[in-house]
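Based on the sequences and whatever the hints tell you, model everything.
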Amino acid sequence: MNCESVINDTALEKCDSLIQKCKDALNYRDVDLARRIRDEATTIYQEVIPGWHGGLMGSYTGFYLDDVEMILGKLSIFKSNQQTKTCRDYVQLTKVVEKVMSTNTLFENTINEMKQCTFAQEADFAAILARVREFQAIAESPVSFKERWELVKPFLHWLTTLDADVAEHLLPLVMRSAK
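Numbering-wise (the working numbering), the sequence shown opens with residue -15 and increments by one.
Since the hints were made in silico from the structure, they are not lab data. Don't take every hint at face value.
Heads up, simulated DMTMM-like pairs for lysine to aspartate or glutamate below, C-alpha to C-alpha not over 25 Å straight-line [unchecked claim]: (1) K130 - D147; (2) K(-2) - E24; (3) K7 - E53; (4) K130 - D108; (5) K137 - D147.
For each label pair, taking beta carbons as the anchor points, the in silico distance ranges come out as [what the hints assert, rightly or not]: (6) P34 - L140: 36 to 46 Å; (7) V127 - R13: 30 to 40 Å; (8) G35 - D8: 22 to 32 Å; (9) E124 - K7: 34 to 44 Å.
From the three backbone atoms N, C-alpha and C, an ideal C-beta is built for every residue, glycine too.
What follows is the structure, given as structure tokens:
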């Protein structure tokens, strides 16, 4: 597929502007701006970027910021493709960016939830956070599934030693690390 055949000038011109708007919406947690960005970006890019609607949820107010995070990733890939003038790696790049974004979001959301809870003593909490960072490093590492699974096994045993409330928060992270 030739990128030149599907790209229109408006899409390329608007890319940097929308990337900045996405960053602003995420920085300020501005749901109204996020909703407007989603509408504007969809109007321009749904015909230009394959699989534009994939991963977008926007039907509920709370999801607009998640949508903007996904849109930011899609626009970054689009911009990168335009700079290199190749689309052949588009699908692979999309998968990598979406995995990293969803992994980062999952880990950060879990850490924030844990900070708000009072289920662990401070010393225990520091140790748990250190382990969460280890999960995240495994999830983001470019190793094979088999190697990743071997790295995750000790964490499964460790989870069984924790309080059920703590383990409930951490199990999705361990499973994400194993994927």
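Here is what the structure says about each hint:
1. K130 - D147: With a Cα-Cα distance of about 28 Å, the restraint between K130 and D147 is violated, given a limit of 25 Å.
2. K(-2) - E24: holds, 10 Å
3. K7 - E53: Satisfied, since the Cα-Cα distance of roughly 8 Å is no more than 25 Å.
4. K130 - D108: violated, 30 Å
5. K137 - D147: Holds, at about 18 Å.
6. P34 - L140: 36 to 46 Å: Hint holds: Cβ distance 37 Å, inside 36 to 46 Å.
7. V127 - R13: 30 to 40 Å: Given range 30 to 40 Å: holds, Cβ gap about 34 Å.
8. G35 - D8: 22 to 32 Å: Hint holds: Cβ distance 25 Å, inside 22 to 32 Å.
9. E124 - K7: 34 to 44 Å: Violated: the Cβ-Cβ distance is about 21 Å, outside 34 to 44 Å.
The structure fails to meet hints 1, 4, 9 from the earlier list, while all remaining hints are met.
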